[in-house]
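S.K.: Listed below are the residues making up each chain.
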Amino acid sequence: MRRHLKILEFALSALWRRRFKNLAIVVVYGFTIAVLASILLMTDAMRGEAEQILIGAPDLVVQRVAAGRHDLIPVDYAEEIRGLPGVGEVSPRYWGYYFDAFTESNFTFVGIDDGPPYELELLEGRLPSAPSECAVGEGVARARSTGVGHELTLISHDGLGVIFDVVGEFQASSSILTNDLVVFRNADLVELFGIPEGRAVDLSVEVFNDGEVSTVAAKVKRIFPDTRPITRSEILRTYDAVFSWRSGMLLTVFAAALAAFCILAWDKATGISAEERREIGVLKALGWSTRDVLELKFWEGAAISLTSFLLGLIAALVHIFLLGASLLAPVIQGWSVLFPEFRFTPSITVYQLFVLGFLTVVPYVASTVAPSWKAAVTDPEEVMRG
Amino acid sequence: MTAGHERFIATDGVSKTYNPRRADPVRAVDTVTMHVDRGEVLVLEGPSGSGKTSLLSLIGCMSRPTAGRIVVDGRDVAKLAESELTMERRQRFGFIFQQFHLVADLPVIENVLVPLYPTELSLREMRRRAHAALGRFALDAKASRKVRTLSGGEQQRVAIARALVNDPQVVVADEPTAHLDRRLAEELLAILEDIHRDGRTVVIATHDPRIFDHPIVDRVLEMRDGRIVGERRR
Numbered sequence: 001m002r003r004h005l006k007i008l009e010f011a012l013s014a015l016w017r018r019r020f021k022n023l024a025i026v027v028v029y030g031f032t033i034a035v036l037a038s039i040l041l042m043t044d045a046m047r048g049e050a051e052q053i054l055i056g057a058p059d060l061v062v063q064r065v066a067a068g069r070h071d072l073i074p075v076d077y078a079e080e081i082r083g084l085p086g087v088g089e090v091s092p093r094y095w096g097y098y099f100d101a102f103t104e105s106n107f108t109f110v111g112i113d114d115g116p117p118y119e120l121e122l123l124e125g126r127l128p129s130a131p132s133e134c135a136v137g138e139g140v141a142r143a144r145s146t147g148v149g150h151e152l153t154l155i156s157h158d159g160l161g162v163i164f165d166v167v168g169e170f171q172a173s174s175s176i177l178t179n180d181l182v183v184f185r186n187a188d189l190v191e192l193f194g195i196p197e198g199r200a201v202d203l204s205v206e207v208f209n210d211g212e213v214s215t216v217a218a219k220v221k222r223i224f225p226d227t228r229p230i231t232r233s234e235i236l237r238t239y240d241a242v243f244s245w246r247s248g249m250l251l252t253v254f255a256a257a258l259a260a261f262c263i264l265a266w267d268k269a270t271g272i273s274a275e276e277r278r279e280i281g282v283l284k285a286l287g288w289s290t291r292d293v294l295e296l297k298f299w300e301g302a303a304i305s306l307t308s309f310l311l312g313l314i315a316a317l318v319h320i321f322l323l324g325a326s327l328l329a330p331v332i333q334g335w336s337v338l339f340p341e342f343r344f345t346p347s348i349t350v351y352q353l354f355v356l357g358f359l360t361v362v363p364y365v366a367s368t369v370a371p372s373w374k375a376a377v378t379d380p381e382e383v384m385r386g
Numbered sequence: 001m002t003a004g005h006e007r008f009i010a011t012d013g014v015s016k017t018y019n020p021r022r023a024d025p026v027r028a029v030d031t032v033t034m035h036v037d038r039g040e041v042l043v044l045e046g047p048s049g050s051g052k053t054s055l056l057s058l059i060g061c062m063s064r065p066t067a068g069r070i071v072v073d074g075r076d077v078a079k080l081a082e083s084e085l086t087m088e089r090r091q092r093f094g095f096i097f098q099q100f101h102l103v104a105d106l107p108v109i110e111n112v113l114v115p116l117y118p119t120e121l122s123l124r125e126m127r128r129r130a131h132a133a134l135g136r137f138a139l140d141a142k143a144s145r146k147v148r149t150l151s152g153g154e155q156q157r158v159a160i161a162r163a164l165v166n167d168p169q170v171v172v173a174d175e176p177t178a179h180l181d182r183r184l185a186e187e188l189l190a191i192l193e194d195i196h197r198d199g200r201t202v203v204i205a206t207h208d209p210r211i212f213d214h215p216i217v218d219r220v221l222e223m224r225d226g227r228i229v230g231e232r233r234r
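Going down the list, the sequences are from chains A and B. Numbering of the first sequence is given in my numbering, commencing with residue 1 and proceeding in unit increments. Numbering of the second sequence is given in my numbering, commencing with residue 1 and proceeding in unit increments.
So here's chain A without its partners, still in its complex pose (with noise of 0.2 Å):
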């Protein structure tokens, strides 16, 4: 233990040694792995956010399709979807996106008639339960400078100014589900949006087992052919799909610095410069070991790398849930410019750090021991001889 103790300080002072070129290797090795982070961070935050929203999503939304455009869907699908087997409740849903040409950002209108649509807390106040009341997010709130005791100015279908009565606002988790929400009463929202009688924007389905969902599905569209059942699955999978899609693309993006990266390994893995050879050569004329030397070698590489890779990591941490992905959320995000800014929850699991860890650490100092192996097994003489 001691030896290994010694050879590791002999180690640090080696590298501090040579400190101006392992600050300028960490700089650029935590930057790499800093956007590596971003990027996977982000899409599992994103996912994560996309999960939390579907948490108490219905198990079943059937939209209406005119000419492979959504359309609103009669409330009357609902009594003959009711009447399938192992159909619960089913209920016309108002809800739709509104562009707020004040702030430029796109908010979310949602209708109810009980409670929330999804498992949403109050920061303060109540949900609206009366004509003209709403309950607002934070971005919202924000972006509006508007809150509890204040108001709401909407422009109606009909181009007319409406005012509401803000009495809540929310919290959640999860502040991209709540951060653009506006919630109204359902019948305030039909007026807003000027949806006919006797319709809604969609249906949502239970089903009382979760194995029966795709069959309901197939049943409500052999009933109603002019419908497109979506299962909750289905939306998870098309959120997993974009996110990937998106962290794909920008890791194709980065592919030119990852590369560079790659070739700077690739440098290191294939050989070391004479003066390392015969470093090599006087530590083994001086009774170091192969053994001795792999040991040097591998405190060298994993002091540079574990330091990157945290100083990378933190520095991810920092971008994605201090500064809301600054950097990279227009990319992941997509229509980001009209959303309201939103921080993500903090989270990261051991997966992620290994992940990160095998992609950034292991290459590093396999590429840092690798070459000194040659040099190492070889006799000191013919080392230093060059």
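The hints are simulated quantities; they were obtained by calculation from the structure and are not laboratory data. Possibly wrong hints are sitting among the right ones.
As a list, the in silico BS3-like pairs of lysine-lysine whose alpha-carbon atoms are at most 25 Å apart [what the hints assert, rightly or not]: (1) A:LYS374 to B:LYS79; (2) A:LYS374 to A:LYS21; (3) A:LYS21 to B:LYS146.
Based on the hints, put chain B in the right spot on chain A.
M.R.: Structure of chain B alone, referenced to chain A:
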């Protein structure tokens, strides 16, 4: 065998060929049979390319022969595993290189400590030994100075202190006066004499007449083209 001396290192038909599988192999040492007695000061003398450094490396367990046997203290080191050969180097030999091979940006004390890092000695004991070795060459006061701030002669003495810090039985020196002026060369010879007085065996490869004509030298082996072509006793 030198009268009254115990044979310590012996080579028997030792050869060393570099690049043996290439079209232009170099036979640096060619079937050399020689010996070094315990406590002897032996000089390998010859022009550049005569094979003296290669033979010195073989004797010092720094390389393995292509053919032949090398026996150190009764043990055939040519057949030893890498780890055992390392232990031989660590425990028996101290090396003084032609170009010192010090780490210029490290303090003097750290350079002297290098051979002790892979041992089980405590850091306190390592430092005690290093200070003792430096003290012997009046360098203790400069222990914390960077090597590059020292003069050539001081650097030479740091290299010698490093060679002695393991308390080796044999000190092997390759062209130790190659970069030294007359005064520093005299100083070095005085140090070698001191080392010899400790009872250590000293083997030196050189083509400097100041060394092989010096009174401390017991024997000179003349080398040409990888072979020993002459021997002078004093």
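S.K.: Decide, hint by hint, whether the structure agrees.
M.R.: Okay, the hints, checked on the actual structure:
Our distance criterion of 25 Å between C-alpha atoms is met by LYS374 (chain A) and LYS79 (chain B), whose separation comes to about 21 Å. With a CA separation close to 23 Å, the supplied pair LYS374 (chain A) and LYS21 (chain A) stays within the 25 Å bound. A distance of roughly 19 Å separates the Cα atoms of LYS21 (chain A) and LYS146 (chain B); the hinted pair therefore holds under the 25 Å criterion.
Taken one by one, the earlier hints all hold for this structure without exception.
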